[in-house]
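Peer 1: Residue strings, one per chain:
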Amino acid sequence: MSVVLILVVAAPLLGAAMLLLPGIADRAARLVGVGASAATLIGAVVLACGFDRGRGMQFETDVSWAPSLGLRFHLGIDGISLPLLLLSALLTLLVAVHSLWNIPPGGDSRAFVALFLLLETGTLGTFAALDLILFFLFFEVVLVPMYFLINRWGSPGERGPASYKFILYTLLGSAVMLLGFLLIQAETGTFDMVELADRHGAGMSHGVQVLAFLAIGLGLAVKVPMWPLHTWLPDAHTAAPTAGSVLLAGVLLKMGTYGLIRIAVPMLPEGAETFAPYLAAFGVVGIVYGSLVCLALLRDPDGDLKRIIAYSSVGHMGFALLGIATLTPQGINGALFVNIGHGLITGLLFFLAGAVKDRHDTALLGRLGGGMYGRTPRLGALVAFGAVAGLGLPGLAGFWGELLAMYGAYEPAAGLSTAGYRTFLALAGLGTVLTAAYMLGLVRRLCMGPAGEAPTGRPEVDVTGREVVVWTPLVALTLLAGLWPATVLAITDPAVRALMGGS
Amino acid sequence: MHLVYPLVLAVLLFGIGLYGVIARRNAILVLMSIELMLNAVNINLVAFDMYLRDTLHAGQALTLFVITIAAAEIGLGLAIVLMVFRNRATTDIPELRELAEHKEGSV
Amino acid sequence: MNLAVAEHGFLSPTGAEIAFVLIGLVVLGSALLVVTTRQVVHAALWLVVTLGGLAAEYLLLTAEFIAWVQVLIYVGAVVVLLLFGLMLTKAPIGYSEPPDSAARIPAAVVALGATATLLTVIVDAFRTAYLHLGDDTVGSTEVTGQSLFKVWVLPFEVLSVLLLAALIGAIVLSRSRSRAHSGRKD
Amino acid sequence: MTVAAATATGLPALAALLGLFLGRRVRPVLIAVPAVLVATGLAIAVAAGIGDDVHESAVRLTPTGALDITLGLRVDGLAALSAVLVTVVALLVQIYSAAYLREDPRYSSYAALVSLFTAAMLLVVYTGDLIVLLVGWEVMGVCSYFLIGHHWETEAARSASIKAFVVTKLGDVPFLIGILVLGTGADSFRIRDVLAAVPEGGAGWVTAGTLLLLGGVAGKSAQVPLQTWLPDAMAGPTPVSALIHAATMVAAGAYLVARLYPAFLAAHATLIVLAVLAMVTMIGSALAALAQEDLKRVLAWSTVGQLAYMTGGLAVGGRDAAVFHLLSHGAFKALLFLGAGVVIHVVGTGALAGMGGLRHRAPIAFWTMTAGLAALAGLPPFAGFFSKEAVLGAAEHTAAGHGPVPQTAGWLVLVAGLLTAVLTAAYATRVWLRVFFGPARETAPGAEVPAHADAADYGRPTPAGEAPAAMVWPLIVLAVPTVLFGFVAFSGLPSLGGDLGYDELTPHLPTTVLALAAFVLGAGVVAALWRRDPAADPARVLGPLRGPALRGFDVDGLYAALVLTPTRLAAKAARFSDGAVVDTYVKGAAQSAWLLGGGIRRGQNGNTRLYLTGLFAGVVVLAVAVAVGS
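Chains as they are written, first to last, in our numbering: chain A, 1 to 503; chain B, 1001 to 1107; chain C, 2001 to 2186; chain D, 3001 to 3630.
Don't take each hint at face value.
Claimed, not checked - Lysine-lysine pairs mimicking BS3-like chemistry, simulated, CA-CA at most 30 Å apart:
id	chain 1	residue 1	chain 2	residue 2
1	D	LYS3587	D	LYS3572
2	A	LYS357	D	LYS3163
3	D	LYS3163	D	LYS3572
4	D	LYS3572	A	LYS357
5	A	LYS357	D	LYS3587
No lab work stands behind these hints: they were computed from the structure.
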């Protein structure tokens, strides 16, 4: 019964609840937001300090919640969920600080702050849940605030349809996932993730495992997003406000891959083995496909900057899928590292995109002009840094995840065809080249070229003090994770080995 | 006597009543068909009461109750049919279409 | 063992069974006519024949009290009410309903389907069941009366309340001619 | 020893970080130059003290779930010598560019990037782990991208920078896979374990791994399939070309092969492929160099040729010869580029047409570049002659049938080497004559800037004096090794880690005679053509070949057709398919929900009998189902 973890998960909820009190002015609401998310981050850091890498699940609380349904309020974190917990706490704090000065029009700031605090509770809960239904519950709690964030504070043009598509698509996916959970419970009689993971699918016949994996896999694949099920992501990102985009890309996408690693792979080994090649294939297609679409968007004058970054997320998460699909410890470590790296880099990219959009009143490449090196050199340098990190330059956070995923693909787990996975490896390599092409094309389109005058006529202000405060942690962590990958891998590796049954 | 005879009679009567309820246009004739179906049920009850040699005579008591309720129901049914006739000047069921979904109505 | 020649084989029907079947045929014929005749009033009259036949059936089943109640209430009150209804709705004598084959076919299909299902199920279940109607203690009025007022007192009283409610309802509905017209001007 | 190497690598990196952050406030020179100076001192100390032994030190960088990645150094003779070359050239380039780009607004970021580049190169030189080598490898690529794109105002710089990075990245993909192959084959990513795990007769994974590594080598050292980016990279500032595209980065490919030489020796197939690559690159680039119109592009194509010499030397088992050529080439090519910088600074344009009779206006540049060109052409006393001679010697040794390497590789490299020697002599003399002799052509300053030229150099001819001291002084420093380094052939380089292949550096009679004949032939033909008509361009000797040679044999057109257009089409198709195909399924699902709803709504037409029929029909069906089911 560890209070700290419950506090960490509940803190944002309390913050949101406090906002319901009357008399909280606009400014105070934003401060409450910052306070709550700061408290959560501090709690998460305390957890990290007290975390003992040797032991498996820690800070557990296991309380019966609905005996009739066999539901238990079971929280706990281990090497896999701790980094993600820290990442979402950090990103939410940055969003809170960002929202101190910059809340898009569309509703009062109290609602805005309450919503993203609720979102934080959902994400933290998902990463800490150890009971299938509790996981599902938090998985769903996340959707509603994100829907409102996009619907009310999004860009006026496409926010309506984009938010509908986002919530309906993901709801359908998670409904299918719920069926999978119920099937597992029907076969094994328990919702407890730890016990199911230790059983490694014992007590479930091959057919059931395959069916359950298909259902859960589909539900999670929508969230990852896997290639054919990804069309909601670009629309959601183009319509979402900066805060929404950062949280959507930084944290929500991780729940899909985390679910695969925590639930699907360890609990349904036979299911995983049958579907691994397909997952890998779709992942690799996602990588190449994402970068191709970005290339096309670059050449199109009304291609949207945020849409390009959204498709780059499809590419990055393709690597995570490839890593998971290899079913090897290094592959899964790679997938977890991609999660962390992608969270930091794409978070930074979306913050930058938001800054560019605020300065130019448009995100359309055709009207953005260029020459940011000339007019706003520091912002241009940051965009270049983000793009270079995004294309997976070694020494920055983006590289290690992709390297480990490819390393896993080179030598997949026993039952998988090495020839097939090596072709996936080659395709993924091609994907990195295409990623490099469109990322540098983006830098050329935005930053290089004659300075010229600002398209909006307003004097262009370079990076402001406030923006520096929000972005420095991301830049610093990208460098730290890039130069010293052990910060993440040392935590995740023992947990992944334990999860994979020490294989 | 074989229990089957009353049961078969009840079923056939019930079938005819059912046909009447669906096929008839005049509301009152529909009420008559309902009477037929209720009587079919009564035969069933009485037959089973005899067959099970029930000490409580539940079957017969229930038949009595059914008869009373049927009477009450016919009373009300006719009152409603009269109201409908007074307002719509017809008792043909197919013409009473007020509840139809408006063709052009959007959601 | 062959059912036909069993102890109470079908091939050796008792007198009661023969009478039951004959009256049954009469009841079914008249019921069919109630449902199919185009003369509305004829339908009501055929209904009387059906209910009378049923009362006879009850007698054969030694449910003597039920028979008389049936005759008294159904034939006496209900059919009369129906006739009043017909008259009040200005269904002229000799008025025939226009043929409505569109609804007839599906109705026939559904009715036949239901009947066939019920028949198969019941015949299959109660093929060998046999009613011992010998001693007449079961259906006499005295026995029914005792059980009615000893065991079924509460439902009996509730029923009376129900009848009262139905009575008031019918009166309210039919009497509201004047206020209904004035009330609905909006 | 390894601590000194580690600090040598760390210092420039630190200087880079400081430079980037303190850019505006502190004079960039004060950060960059001292750091490189100390690094040079350390490198020289390490090289002096290394002797024959190999120093190893490693600490685990990170667990990965399978093989660990170690952060460590492996300092041997090869690494020490290369590090000296890198640090010396980097120091000279930093000093040179301090003067060359003094009034450039973005000099601080430039200096920081050059320091970061030096740190990355030293990391590649010293590291003991293949994955960390890849990290250094790609950081160098990104630094070259940023430095080529330094003058991002001009379109040439913009496209050249992306082209350089994407082409090298294309080469780096097989490079990464090759590392994975070697790593899993030797069950460790450390170079020491990989070399130890290579079986005597060679193995499948060794050949596969080394072949894949060739992709990265071809990309980074601009060998045939991926050489198109180097000539365009001349759009970057000249000192950058001197440092990155002459001495260090491009040599990293050859250095890697030398570093993993036992593995390559065991894979004969790889050596043959390497030999063929080297042959084609040598001849093609020499022809292209002869036909170029811009001084820096001539030097760029000649670098591609000289690199092919090194890979040729490696292909025929002459590791020591190749490294010897790497070192000497690093020296004299850096000299030539810096000299070219001075010449362009004086004349104001990079085109050969605009130059002539400069021996009076830029005397120091004249003498030092003469030494450089002589070394390049292979005139005896200079370093180039001895190193090229060593490579030809190794080739002849293998061609004669000795040594483990297949004979065919030997013959290929020998023949190509001699042919290239002729062509090199030709274009060296042509450049020498056209730049320093003949009538002084006065092209108006600000003449139209050829597309690929380096914008910063143009439009500022300084009639007065040759160039500031800081630009001229490094030339002299580089001239010393260009002249004297050749005599190292007799004493032999400090042992480069065991007797690997043919380590005899002293010139042999037959190859020396052939080489001298080639020189005389090449230089003589060009001199004769020049004497007959000084104004005309001696390149007309190429005749029909001149056009394609100028355009680099249209490899760019080939790439555009085979790679760029299909990618563009695939991109359009992907975007179309995303919008039309995948999305229509999603929208279709939504639409079908609407239609279903509409259909059911139409059923509610108010006909009560219809409802009753439906109801009873349902009941009957259920009853039948239950009856049949039970």
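Peer 1: Holds or violated: LYS3572/D and LYS357/A, Cα atoms, limit 30 Å.
Peer 2: holds (26 Å)
Peer 1: LYS357/A and LYS3587/D: Cα distance at most 30 Å?
Peer 2: With a Cα-Cα distance of about 29 Å, the restraint between LYS357/A and LYS3587/D holds, given a limit of 30 Å.
Peer 1: Is the Cα-Cα distance between LYS357/A and LYS3163/D 30 Å or less?
Peer 2: Measuring from Cα to Cα gives roughly 28 Å; hence the hint holds.
Peer 1: With the threshold set at 30 Å, check whether the alpha-carbon distance from LYS3163/D to LYS3572/D stays at or below it.
Peer 2: holds (21 Å)
Peer 1: With the threshold set at 30 Å, check whether the alpha-carbon distance from LYS3587/D to LYS3572/D stays at or below it.
Peer 2: holds (21 Å)
This entry satisfies every hint, going by the numbered hints stated previously.
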